[in-house]
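Trainee: Each chain is listed here by its residues.
Protein chains: 2
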Amino acid sequence: MTDTLPGTGLLGLSSLRHQVGEALTGFLDSKDQAAPGAELRYLTGTLRGLLAGGKRLRALLCVTGWQAAGATGDVTAAIHAAASLELFQVFALVHDDVMDDSDVRRGQPSAHRALALAYTADGGPHARAQAHGLGAAVLLGDLALVWSDELLHTAALAPGRLAQVQPLVAAMRSEIMYGQLLDLRTTGRLSDDVEGALRVVRYKTAKYTVERPLHIGAALAGATQPVLDACSAFGIPLGEAFQLRDDLLGVFGDPAETGKSVLDDLREGKSTVLMALAVQRASPAELDTLRALVGRSDLSEAQAAQVRSILHSTGARQTVEEMITTRHDAALAALDRAPFPAAAVVRLRQIARAATARQT
Amino acid sequence: MTDTLPGTGLLGLSSLRHQVGEALTGFLDSKDQAAPGAELRYLTGTLRGLLAGGKRLRALLCVTGWQAAGATGDVTAAIHAAASLELFQVFALVHDDVMDDSDVRRGQPSAHRALALAYTADGGPHARAQAHGLGAAVLLGDLALVWSDELLHTAALAPGRLAQVQPLVAAMRSEIMYGQLLDLRTTGRLSDDVEGALRVVRYKTAKYTVERPLHIGAALAGATQPVLDACSAFGIPLGEAFQLRDDLLGVFGDPAETGKSVLDDLREGKSTVLMALAVQRASPAELDTLRALVGRSDLSEAQAAQVRSILHSTGARQTVEEMITTRHDAALAALDRAPFPAAAVVRLRQIARAATARQT
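Residue numbers (our numbering), protein chains in the order written: chain W, 5 to 364; chain D, 5 to 364.
It should be emphasised that the hints constitute simulated quantities derived from the structure, not laboratory data. Mixed in with the good hints there might be a few duds.
Any copy, or any two copies together, can satisfy a pair, since identical chains are not distinguished.
Claimed, not checked - Subject to a maximum C-alpha distance of 20 angstroms in a straight line, what follows is the list of computed SDA-like cross-link-like pairs (lysine to any residue):
| # | residue 1 | residue 2 |
| --- | --- | --- |
| 1 | K35 | S236 |
| 2 | K35 | T262 |
| 3 | K35 | S287 |
| 4 | K35 | A174 |
| 5 | K35 | A175 |
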């Protein structure tokens, strides 16, 4: 069953997702077969589970970037490069969860929790389970990172293309790590620095999640600079809107829909734009409440409700909604000016809608 | 001041170390200059400190592999590739210390400890210092890993050489991660499985630390298969001897010399060949003592002395010394048969001696 994008002749999103999934499965199968021992399945099994849950946003953007640069025909190499971005994303998620000590990811136990459970189920001593889970998750992320590289290198790209793609991949990696660094340095410190929070959004999400996957796909098709620039003009505002939506969902979302705890961001004291706006505008009494509650690792549901009420009463929530709309509109306007084939524009509109919707 | 290896005309080890250090410094300088903000210096500063302490064994082997394959002339590209292995090694050390929760590395606080201290010194809340240090160290390791890749890709290799080197780099990375996985799964479980412990040694050290750096250097010079095979015949036994020596130093060494705590391996319950031999040969009373003490995170110096005494009385220590000698001799014998230029053989003998000496 192959679906197509109406009116374009392009493969539909679900067909693309399926092909990316097949590429990932094929790669992991080859790793399991080549492994010196069965122990590796302990990590590849966990990887398969994590890869199954994603929406494959980066992969879809990568393939669409390839189409935006005018490529048609055999999509195989683009699918492999797209799959390598999904492996990279699993690396980023697994290490992010370790850094944030998050329990849940995509509705399942996060990797370090799952690996701790697997260790005791396998007869490992309970006293070491947590340390083992953490160590195994760090290792799992490392493996996903180096394998994402390998998947890209073995993607059978046209001659010379790898050299064109490589600097963009290097930039993407450095950018997300810079964003993570900013995030780490601000987490747990209540701040009114909206600009600072937006910088984190730009590096950690806008560039990493949207702009660079488009760039990498476009470079696979030998994109010209105007095409790359148009990818940025669309990708940066869309990526910011996407992260701002994610921040709202992280506090006001429905865990059954998002697969994420609605307490984690508040317990960690994530320095989001939402929180910085609330701090800017809070009354002295409200500020005292935020100071007392945000960042408490034992924050209760009732205390979280108090924080949510301040995010609402200060208008911070409403302002973030407006920021999302502004950015979503800017992304669509950039698309109107972009030198992309019409079919790629249709697809990017579809992705923009899904990425900034009020529910995931 | 340029030293040369006597009788060969090759640069001496200290000159090579110096050139590798210059390449690393130049690379990190360029990263600091290109960074969007000063925050990055928080991580690059820590990286510089970690890179300063090493013996650069992998880098020296890489350059010597290049010479073993018959290369002469401009060593610049080989030095850059060698430097990329040192960055990779810092990645491996930093994540290894996170996984093992080690406090000390190369005589200094380990990365996660140092970063926790830097965080509180910078005004970060004490309650978050440990979590921050751990997260920042995971990130630092990630950055070292992707930068090692970048340093290799920008090493100005002869055309076609990168494609020849890439599969060997991929193999090296997968192998050390496989070794780490075996290590993680066995740590904390007292075992008499000498063969299993030797498998960890083979993947985590022999291939990663010796064989693959030689291979990568040799491939940079377009090595033939007989040269690569000779690198393995020398590298695997030497790497095993090196790790077995390291295991002895980790329990019986002088921390002032090794820069490592002499309690960590015992507290973690590392599954070394040394310990597996002792478990095989222990009397029931000795086995009870080992079970009670090995893996205790609060192991005292007096308790460690009890364990050392059993490692001695069972003959485990002596057997490991003999295993080191056997492997060291096998490595030297392989060198006699190797199709390497005489100067490379002189250098490899020198490295073999240093790597398996009773003191570091």
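Trainee: Against each hint, give a clear statement of whether it holds in the structure.
Mentor: A quick look at each hint next to the structure:
For the homomeric pair K35 and S236, neither the shortest alpha-carbon distance inside one copy (35 angstroms) nor that between copies (23 angstroms) is at most 20 angstroms. In this assembly of identical chains, the alpha carbons of K35 and T262 never lie at most 20 angstroms apart, being 31 angstroms within a copy and 37 angstroms across copies at closest. For a Cα distance limit of 20 angstroms, the shortest separation of K35 from S287 qualifies neither inside one copy, at 57 angstroms, nor across copies, at 42 angstroms. In the homo-oligomer, the alpha carbons of K35 and A174 lie at most 20 angstroms apart only across protomers (12 angstroms), although the nearest pairing inside one protomer, at 24 angstroms, exceeds that limit.
For a Cα distance limit of 20 angstroms, the shortest separation of K35 from A175 across copies, 11 angstroms, qualifies, whereas the shortest one inside one copy, 27 angstroms, does not.
This entry does not satisfy hints 1, 2, 3, going by the numbered hints stated previously.
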